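There are 2 protein chains.
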Amino acid sequence: MPTVSDRGKIMPDSPIRKLGPLAEKAKAKGIKVYHLNIGQPDLPTPPEALAAIKNIDRTILEYTPSEGILSFRKKLVKYYQKFDIDVSVEDIIITSGGSEAVTFAFMSCLDPGDEIIVPEPAYANYEAFAIVAGAEIKSIAAKIEEGFSLPPVEEFEKLITPKTKGIMICNPNNPTGYLYTREEMNKIRDLVKKYDLYLFSDEVYREFCYTGAPYISAFHLEGIEQNVVLVDSVSKRYSECGLRIGALITKNEAVKKNVMKFCQARLSPPLIGQIAAEASLDADPDYMLNNYNEYVNRRKFLIDGLNRIDGVYSPIPMGAFYTVARLPVDNSDKFCAWLLSDFEYEGQTVMMAPASGFYTAANQGIDEVRIAYVLNKKDLAVCLKILEEALKVYPGSKVRQKAFSKENN
Amino acid sequence: MPTVSDRGKIMPDSPIRKLGPLAEKAKAKGIKVYHLNIGQPDLPTPPEALAAIKNIDRTILEYTPSEGILSFRKKLVKYYQKFDIDVSVEDIIITSGGSEAVTFAFMSCLDPGDEIIVPEPAYANYEAFAIVAGAEIKSIAAKIEEGFSLPPVEEFEKLITPKTKGIMICNPNNPTGYLYTREEMNKIRDLVKKYDLYLFSDEVYREFCYTGAPYISAFHLEGIEQNVVLVDSVSKRYSECGLRIGALITKNEAVKKNVMKFCQARLSPPLIGQIAAEASLDADPDYMLNNYNEYVNRRKFLIDGLNRIDGVYSPIPMGAFYTVARLPVDNSDKFCAWLLSDFEYEGQTVMMAPASGFYTAANQGIDEVRIAYVLNKKDLAVCLKILEEALKVYPGSKVRQKAFSKENN
Numbered sequence: 001m002p003t004v005s006d007r008g009k010i011m012p013d014s015p016i017r018k019l020g021p022l023a024e025k026a027k028a029k030g031i032k033v034y035h036l037n038i039g040q041p042d043l044p045t046p047p048e049a050l051a052a053i054k055n056i057d058r059t060i061l062e063y064t065p066s067e068g069i070l071s072f073r074k075k076l077v078k079y080y081q082k083f084d085i086d087v088s089v090e091d092i093i094i095t096s097g098g099s100e101a102v103t104f105a106f107m108s109c110l111d112p113g114d115e116i117i118v119p120e121p122a123y124a125n126y127e128a129f130a131i132v133a134g135a136e137i138k139s140i141a142a143k144i145e146e147g148f149s150l151p152p153v154e155e156f157e158k159l160i161t162p163k164t165k166g167i168m169i170c171n172p173n174n175p176t177g178y179l180y181t182r183e184e185m186n187k188i189r190d191l192v193k194k195y196d197l198y199l200f201s202d203e204v205y206r207e208f209c210y211t212g213a214p215y216i217s218a219f220h221l222e223g224i225e226q227n228v229v230l231v232d233s234v235s236k237r238y239s240e241c242g243l244r245i246g247a248l249i250t251k252n253e254a255v256k257k258n259v260m261k262f263c264q265a266r267l268s269p270p271l272i273g274q275i276a277a278e279a280s281l282d283a284d285p286d287y288m289l290n291n292y293n294e295y296v297n298r299r300k301f302l303i304d305g306l307n308r309i310d311g312v313y314s315p316i317p318m319g320a321f322y323t324v325a326r327l328p329v330d331n332s333d334k335f336c337a338w339l340l341s342d343f344e345y346e347g348q349t350v351m352m353a354p355a356s357g358f359y360t361a362a363n364q365g366i367d368e369v370r371i372a373y374v375l376n377k378k379d380l381a382v383c384l385k386i387l388e389e390a391l392k393v394y395p396g397s398k399v400r401q402k403a404f405s406k407e408n409n
Numbered sequence: 001m002p003t004v005s006d007r008g009k010i011m012p013d014s015p016i017r018k019l020g021p022l023a024e025k026a027k028a029k030g031i032k033v034y035h036l037n038i039g040q041p042d043l044p045t046p047p048e049a050l051a052a053i054k055n056i057d058r059t060i061l062e063y064t065p066s067e068g069i070l071s072f073r074k075k076l077v078k079y080y081q082k083f084d085i086d087v088s089v090e091d092i093i094i095t096s097g098g099s100e101a102v103t104f105a106f107m108s109c110l111d112p113g114d115e116i117i118v119p120e121p122a123y124a125n126y127e128a129f130a131i132v133a134g135a136e137i138k139s140i141a142a143k144i145e146e147g148f149s150l151p152p153v154e155e156f157e158k159l160i161t162p163k164t165k166g167i168m169i170c171n172p173n174n175p176t177g178y179l180y181t182r183e184e185m186n187k188i189r190d191l192v193k194k195y196d197l198y199l200f201s202d203e204v205y206r207e208f209c210y211t212g213a214p215y216i217s218a219f220h221l222e223g224i225e226q227n228v229v230l231v232d233s234v235s236k237r238y239s240e241c242g243l244r245i246g247a248l249i250t251k252n253e254a255v256k257k258n259v260m261k262f263c264q265a266r267l268s269p270p271l272i273g274q275i276a277a278e279a280s281l282d283a284d285p286d287y288m289l290n291n292y293n294e295y296v297n298r299r300k301f302l303i304d305g306l307n308r309i310d311g312v313y314s315p316i317p318m319g320a321f322y323t324v325a326r327l328p329v330d331n332s333d334k335f336c337a338w339l340l341s342d343f344e345y346e347g348q349t350v351m352m353a354p355a356s357g358f359y360t361a362a363n364q365g366i367d368e369v370r371i372a373y374v375l376n377k378k379d380l381a382v383c384l385k386i387l388e389e390a391l392k393v394y395p396g397s398k399v400r401q402k403a404f405s406k407e408n409n
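If you read the sequences in order, they're chains A and B.
Residue 1 is where the first sequence starts when you use the UniProt record's numbering, and the numbers rise one by one after that.
Residue 1 is where the second sequence starts when you use the UniProt record's numbering, and the numbers rise one by one after that.
Hints are computed from structural coordinates only; laboratory data are not their basis.
All values reported here derive from a predicted model rather than from experimental measurement.
There could be a bad hint or two in this list.
One copy or two, it doesn't matter: identical chains are merged, so the pair holds either way.
Claimed, not checked - Calculated lysine-lysine pairs in the DSS-like style (CA-CA distance at most 27 Å, straight line): (1) Lys54 to Lys378; (2) Lys18 to Lys251; (3) Lys392 to Lys18; (4) Lys74 to Lys18; (5) Lys187 to Lys9; (6) Lys54 to Lys27; (7) Lys251 to Lys9; (8) Lys9 to Lys257; (9) Lys54 to Lys300; (10) Lys25 to Lys257; (11) Lys75 to Lys27; (12) Lys257 to Lys27; (13) Lys74 to Lys54; (14) Lys193 to Lys27.
Using the sequences and the hints given, assemble the complete structure.
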């Protein structure tokens, strides 16, 4: 049998999906599993998108242009203007999800051996896409005690070598919910300018900023317009992850030229997805506001609830719909597996994403989990109760050990 | 400005799409351009697929499993049984088009520096996907005089080195329309077995075999079951290229494991596309037969017509909906560009794909073009007339030169 690729071997298993088989087993035993582990919102897709799909009057479902449907790209120009992002239709290339946008960004800008710096915890698949491009992620740990704010510039500079080609950020952040301040974004800008780096900026959660603090796009930063490669997706903001529609946006002609070659090789992004995504841009403002308010409420409810549980700490996320919380456990990988395989509370349990998967560095985030608030408040209340009860009995729980040692004193 | 990747720089421009701007200019001048250059069928998508899209009753368009929707994969098992391809649901992984299937196959099996052998002319994007994986294509020219049949085994063996990891075939073939015989497939099998290679087999045109000769799948070959990675797509057979639904099929567990990592990184193939593709499997047999008969008629009409034009030669393609024809011209790249920029016949011209783009080797196919018979017979008749008239006046035409020299004698 021929050997498989080393590239495939070093590709990480999905931190979110590797617990899947345990969840399936729990469900097979009749246990209800609450999914706090995935970024799949439970909120409805805009009716405008569903109507556009139902009203398709084509008889042939043809390829679209490799760069995406023109009318959709034109409408995106106006969408970005609402956020003071000034891009032209030529700057916008439609991709099969944000995933493909990151992949094509890395493929177009990075060669094997090149390095990018990523503050962690970070979206796990950046590492996967870097491996696809043969590039290496150099990570800097953001600290939970500091609410996962930007690590000091000096930490970045320590990692910069002639191989460093870029910095990758996610803002608002998945998994932490952190929103970079103007000051932090300016620091990133100065680094990018000083070392002439790419700034890969994943801004798919821009609609979800909760604190009144401004959303600063990479395109708001002056003097690095040619360095920015922005990644976007309609998946999260319109709850239509299944469409697989994203975008790569850059003003850099050389990057565009490379990206277009990868786009042409894969022929076309999905036709129906583009039609539905274009219609989503006309979503009723009330739809957006309702979703927004729903997340605001869930966020407050979840974070308050988490911080009330003995030994649990969650910073207050400012955006997106995730938080990374610290739990009083020996090892969150073990704990999350145990929740699925050895625990139930009134026939129910929760599935969370161990944070270790969001760090490329070893031994980071071992007592942290990512929790997505993609369930309604009633369900979140149940989840909080399950978590509280689980921590009382989990063998590796520090709370349990404390209680146990008190009892024996 | 940071530099872009070398990988991107060596990526070939799409041979089909690079003439696009010239076609746009011709259209802007009011010239009607007949597109014989693309593999986009003009035949309707099955009504079952369109109905499935219209009848979607979901309120949230969610991610699907990374490997694709289970009911779709189960139905594909039965579909393949009709072709005596015996695979299980676990062997089938749904991809975003055949393009992603080839990409993931190469990424999962090949490391930078690895080599694969490809008989040429070949689908141009294999080269692009090989570059993505850092692998190298070693090509063997199939000859138009031999109808593009399999080159001799000795030619393959000359290219085999310790770096050789596989052979890639397309059967029935894009761009030539050639269908490998049982004897040829057995030769490939013996090579694969002798050198323990992967056999990457792109079989997306299996529904379109016209001569009564059998379609031999790579999975029909005994003793190399673990070596086969089959690439499939619903795009061509159901005229639904825009759905972006393909499949990678293998019985090799190690390959599957690697492929699944790439699948999980990109989260999900398109949801709506899968729903429509699944419905397409129930397409009325009359629909399939009508399309088939249409291609049979067009094929005869086109090939007869081509071979009647002075100096033109086309082998008789046995499958798919393309032919590679030899034209009496100095250079088909120049000729195809000239057709768009300097020629018109009664306000009309044709766009064809120069065959040079289907060879990785230099100076191959310089008087060949790929013609897709994705237009109806009436339009094909016009195209043949345009081509005939063009060859009379094209400055680099050998027919024109012959006529000219006769006149002057």
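Right, here's what the structure says about each hint:
no.: 1; hint: Lys54 to Lys378; result: neither (32 Å within a copy, 33 Å between copies)
no.: 2; hint: Lys18 to Lys251; result: between (38 Å within a copy, 22 Å between copies)
no.: 3; hint: Lys392 to Lys18; result: within (25 Å within a copy, 65 Å between copies)
no.: 4; hint: Lys74 to Lys18; result: between (39 Å within a copy, 23 Å between copies)
no.: 5; hint: Lys187 to Lys9; result: neither (36 Å within a copy, 31 Å between copies)
no.: 6; hint: Lys54 to Lys27; result: neither (34 Å within a copy, 32 Å between copies)
no.: 7; hint: Lys251 to Lys9; result: between (35 Å within a copy, 18 Å between copies)
no.: 8; hint: Lys9 to Lys257; result: between (31 Å within a copy, 9 Å between copies)
no.: 9; hint: Lys54 to Lys300; result: neither (37 Å within a copy, 39 Å between copies)
no.: 10; hint: Lys25 to Lys257; result: between (48 Å within a copy, 20 Å between copies)
no.: 11; hint: Lys75 to Lys27; result: between (43 Å within a copy, 25 Å between copies)
no.: 12; hint: Lys257 to Lys27; result: between (48 Å within a copy, 24 Å between copies)
no.: 13; hint: Lys74 to Lys54; result: both (23 Å within a copy, 26 Å between copies)
no.: 14; hint: Lys193 to Lys27; result: neither (52 Å within a copy, 44 Å between copies)
Comparing the model with each earlier hint shows violations of hints 1, 5, 6, 9, 14; every other hint is respected.
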